[in-house]
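Engineer: Here is how the chains run, residue by residue.
Number of protein chains: 2
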Amino acid sequence: MTAPFLSSLSPTSPLASATAPFPGSRKVYARPADAPHLRVPFREIILSDPGEAPVRVADPSGPYSDPEATIDLRQGLARHRASWASARGNSTVTAGRPAPSEGDFEAFPLTYAPLRRRDETPFTQLEYARAGVITDEMIYVATRENLGRDSAVAGACARLAGGEAFGAALPAHVTPEFVRAEIAAGRAIIPANINHPELEPTIIGRNFLVKVNANIGNSALGSSIEDEVAKLVWAIRWGADTVMDLSTGKAIHATREWILRNSPVPIGTVPLYQALEKVGGDATRLDWAVFEDTLIEQCEQGVDYFTIHAGVRLAHIPLTASRTTGIVSRGGSILAKWCLSHHRENFLYERFADICAILRRYDVAFSLGDGLRPGSVADANDAAQFAELDTLGALTAVAWEHGCQVMVEGPGHVPMHKIKANMDRQLATCGEAPFYTLGPLTTDIAPGHDHITSAIGAAMIGWFGTAMLCYVTPKEHLGLPDRADVKAGVIAYKLAAHAADIAKGHPAAQLRDDAISRARFDFRWSDQFNLGLDPEGARAFHDETLPHAAHKTAHFCSMCGPKFCSMKISHDIRDGALEGADALTQAGLDQMSATFRASGGEVHLDAQALDALAWEGKPAR
Amino acid sequence: MTAPFLSSLSPTSPLASATAPFPGSRKVYARPADAPHLRVPFREIILSDPGEAPVRVADPSGPYSDPEATIDLRQGLARHRASWASARGNSTVTAGRPAPSEGDFEAFPLTYAPLRRRDETPFTQLEYARAGVITDEMIYVATRENLGRDSAVAGACARLAGGEAFGAALPAHVTPEFVRAEIAAGRAIIPANINHPELEPTIIGRNFLVKVNANIGNSALGSSIEDEVAKLVWAIRWGADTVMDLSTGKAIHATREWILRNSPVPIGTVPLYQALEKVGGDATRLDWAVFEDTLIEQCEQGVDYFTIHAGVRLAHIPLTASRTTGIVSRGGSILAKWCLSHHRENFLYERFADICAILRRYDVAFSLGDGLRPGSVADANDAAQFAELDTLGALTAVAWEHGCQVMVEGPGHVPMHKIKANMDRQLATCGEAPFYTLGPLTTDIAPGHDHITSAIGAAMIGWFGTAMLCYVTPKEHLGLPDRADVKAGVIAYKLAAHAADIAKGHPAAQLRDDAISRARFDFRWSDQFNLGLDPEGARAFHDETLPHAAHKTAHFCSMCGPKFCSMKISHDIRDGALEGADALTQAGLDQMSATFRASGGEVHLDAQALDALAWEGKPAR
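If you read the sequences in order, they're chains S and R. FYI, the UniProt record's numbering numbers position 100 of the first sequence as 100, with every residue one higher than the one before it. FYI, the UniProt record's numbering numbers position 56 of the second sequence as 56, with every residue one higher than the one before it.
These aren't lab readings, by the way, just hints derived from the structure by calculation. Do not take every clue at face value.
No distinction is drawn between identical chains; accordingly, a pair holds when it is met within one copy or between any pair of copies.
Pairs of lysine to aspartate or glutamate residues, derived as EDC-like cross-links and limited to a Cα-Cα distance of at most 20 Å, are as follows [as the list claims (entries may be wrong)]:
id: 1; residue 1: Lys27; residue 2: Glu52
id: 2; residue 1: Lys552; residue 2: Asp282
id: 3; residue 1: Lys552; residue 2: Asp390
id: 4; residue 1: Lys568; residue 2: Asp282
id: 5; residue 1: Lys420; residue 2: Glu164
id: 6; residue 1: Lys27; residue 2: Asp72
id: 7; residue 1: Lys27; residue 2: Asp354
id: 8; residue 1: Lys420; residue 2: Glu536
id: 9; residue 1: Lys278; residue 2: Glu292
id: 10; residue 1: Lys27; residue 2: Glu536
id: 11; residue 1: Lys278; residue 2: Asp66
Source: prediction; values computed, not measured.
Excised from the complex, chain S in its bound form (with noise of 0.2 Å):
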């Protein structure tokens, strides 16, 4: 099979509309004081009303959205990082292992020498914290972090602080040493494997802005490489700020090599889908060997974090008998199926600190997994899910000794009133690292719509604490999702963590709310448009009803229509434009103000009096 599409840009490729630039906007880059080597990646809208400064996004879109990049995924995205790494002296080459053999799938044309830490220096971002040393990655998070934070303290905008955090501390600017304490006391993680230089690393952790990931992968039935790599551009075009790779099908090496090669966003997996692969999809044919073959792997190849379900205990399995739908993870049910049918305690456990050896060599890190999260509102908060939790929590401070960075997944099916206990006890049992959660669902009885039952609970669960939502799709339990169900699904988690920043009080999140407000209120359509997450869907809106190009900039819409547009009469009653009208203008707004202020600025009426007076049809004041 040869992938057409990859060697060029043409205007049918799936690529081009994902690639296309943003309206309104330019990509920007910032070159740190501390740093002036990094260059780091962000959007900028730029409005029509010159009183308006632009507005500073975050962009994980990488080189695909830049017009002066040259995109050609024969040769990957630029190897920028690499730099950083080799300046910092303490990375070996290894020999790497031949790739394995996949039919007739077509291989990345390029080949590199695997990388791997040389000694027992600092080499894992937790190691540097730890030693107090601040990374290039730290100051590159840091910087893409502030977005347009200076500007809201400059601006001494008062409503920013607000917000309540449930116990997270959000800094009002974010500094590289800030990023190194919540690195190194495990509250936060830069995935960033040495092996992945075209990364632009991104920081996932309750202090910052709370992270969206898209899952990608092939599946037996379905998807080919074209398929994933332009999922991958489109994902990060909405707003993905990490991919998972999930293919369980054929030619996965390849596959994940296209997707690494080619992303700018941080690329977790699942390691045993690929080693269930190798032993012909038996689970109980499953060993360390096979696991550890493909560890090291993927490694090499440069995968950023992966999730390793090894909170999955033996003990553990009967708790789900009872459960209405079992065990629904993957990874879960392939470890379960192989624990009981050895009568022996998962190898993933049991291995774990072999697995962290190995990690460490890369700066992987760890996505604990929640192998035993619900699938259903029925089944949340069980003893099941509480006693992996409960495990996942000994086995970050097993992967914390070994100076691994780790993060923990968390569920599934939740509904509202359990949320919260859920991440309590993330935070109480894994002494505060990351949370990472699919959803939560807060509701079963939707699917079609999954995306929106766990949009409500992302947007809860992200508020409460958890650094990064795992998004759900509309075809959540249905079917791989295509590119339609990428957007959709994406779109809705950003807006849930988005929902969630400004909820937790995020200094620079309301912003982009505020000047989006603002542009509705001013009726500065196309404004409106390139400041929401999807300027495309929000115009195509428009021009359902309003297609013509003067429409954009009407005084009213179609929803409403001239007459009754709200906003337009608040403009009319501002500008003193109704004739002969106490208009809201400052001095009569002052002596209004005045008055009702001198009349004892009471507007609760008792009802008795209010009925009274409004009985005589006499005015109430």
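Starting from the structure of chain S, add chain R where the hints point.
Structural biologist: Just chain R now, with coordinates in the frame of chain S:
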């Protein structure tokens, strides 16, 4: 203009798809033992597993989903409720006013003489409730609310008793007496104008199922009578419990008449919109006479509840001057303009008792409008909003004194951390009158996806105690919703309302989730589709990757494929289908659990011990 589709149900009619039978479902009617003349509708979803009882769900779709009903839109629905009211013998026929001339729009072909209260004996549901009288409407809604609640209680399903209700008191079984008491206390309303005999009554209150309202209505720029009636039928098909006709364009009277005569759900309006049309769109020309005329006109037609923006007081308007988005309620902005241009208090406030006197003659319920609701997260919970809410509390008491039923409208745009304050303040200020909120939207940055930004807030405020959620469609802020938007909006809100019911611990809500989860676990794909809110959409998604009929019984889906299907593996585990496996048979489980308990039941091994064990490669247990 003629309305061609209204006379028939040809396959090309927009109503054909809106009235097609739900797959796997049948329409059933319950006849309450204490009132066998009532027929209370439900939809029963029949499952393919003979061991699974049918699942009974709320069904606001009326006769349109009854294959035995004859639908003739030119005749209107059967006036089944007329006999309930006439049996009470306290109404009288009035002459009624002639329908206004509205050009060449086709009027509804039949006319009925309006009814009104005859004397000062109890007439409104509130008056009956206070007098200790249980009406047919109360019996009807009590039966309707119970769904499968008897079987849930009988099933002794302990987990249904969970939930956090924040002071709501959901009974195990809803009795007519419970309904009466809730209405008497003002905590619930049954909007049921005596002139809407086509109505199938429903109850709105926080100790009942959370309800959903859908807004329809034309505007100056689009839509037609046909579109609006079809939208009504479409909205209730997907589960809208009430519908507001917010028309502001031409033929408002005729449109409303077509809607009312064909609506089984309560219809709400904002009479101010029509009043404004009557004065040529010039807000400054509004006065009591034209408003009174409009109120009576709509009361006589059968509107069940009115949004009345009596809380927009002159003194509150200056409080909006520094807002980011001013006044965003149509009604609020119109009245603010009126107040300022006349230098006078809002005439709806001054005339509030007069309005009560009119509404009580027909038992039209108040929906006290929040004309100063915030239109952006920046303006949430500000002085203007809460000043108005306090006023609405005072007006609630006035309306109650007049024997009128009342609910209170709420915001709007509110970030998550400010939502609960709204609910708590409304409960405290408005004497527990039902809260009826629009969204709230939890962020402003996702135009085109505001059904999701707002479903997040809606689920939360529904959990906290809101009785009815007013939907938001994907077109919010961008244009007039079409059929696809209405469906997307209703489904997003039905799932939000259901998530709220579950979180509150509604005794029957989770029955549907559990049934769908069992279907999912058993690979009963058609059952899973049919139990969902959107059977057609779910099936279509499944068909995209596995279109063959055989796949509807397959023990996997395209997401994971057969080898990686966690549910299939879970079954293998439970069934003991693994060769030589220690499967989760009851005997095997008992033994395993016993061993586990005998070992101390410790699942949380301390990190150091685990580490040591793992390094040595020994089984940890």
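Engineer: State for each hint whether it applies.
Structural biologist: Verification of the hints:
When the C-alpha separation of Lys27 and Glu52 is checked against a cutoff of 20 Å, the pair qualifies only within one copy, where the shortest distance is 18 Å, while the shortest distance between copies is 57 Å. For a Cα distance limit of 20 Å, the shortest separation of Lys552 from Asp282 qualifies neither inside one copy, at 59 Å, nor across copies, at 25 Å. Taking the shortest Cα distances, Lys552 and Asp390 never come within 20 Å of each other, neither inside one copy (55 Å) nor across copies (38 Å). In this assembly of identical chains, the alpha carbons of Lys568 and Asp282 lie at most 20 Å apart only when taken from different copies (13 Å versus 66 Å within one copy).
For the homomeric pair Lys420 and Glu164, the shortest alpha-carbon distances inside one copy (14 Å) and between copies (12 Å) are both at most 20 Å. Taking CA atoms no more than 20 Å apart as the test, Lys27 paired with Asp72 passes inside one copy only; the shortest distance there is 19 Å, against 59 Å between copies. Proximity of Lys27 to Asp354 under the C-alpha cut-off of 20 Å is found in neither arrangement, the shortest distances being 43 Å within a copy and 61 Å between copies. Taking CA atoms no more than 20 Å apart as the test, Lys420 paired with Glu536 passes in neither setting, with 35 Å inside one copy and 34 Å between copies.
For the identical chains of this complex, Lys278 and Glu292 are intra-copy neighbours only, at 12 Å inside a copy versus 79 Å across copies, given an alpha-carbon limit of 20 Å. When the C-alpha separation of Lys27 and Glu536 is checked against a cutoff of 20 Å, the pair qualifies only within one copy, where the shortest distance is 18 Å, while the shortest distance between copies is 42 Å. Taking the closest pair of Cα atoms, Lys278 and Asp66 never come within 20 Å of each other, the shortest separation being 39 Å inside a single copy and 55 Å across copies.
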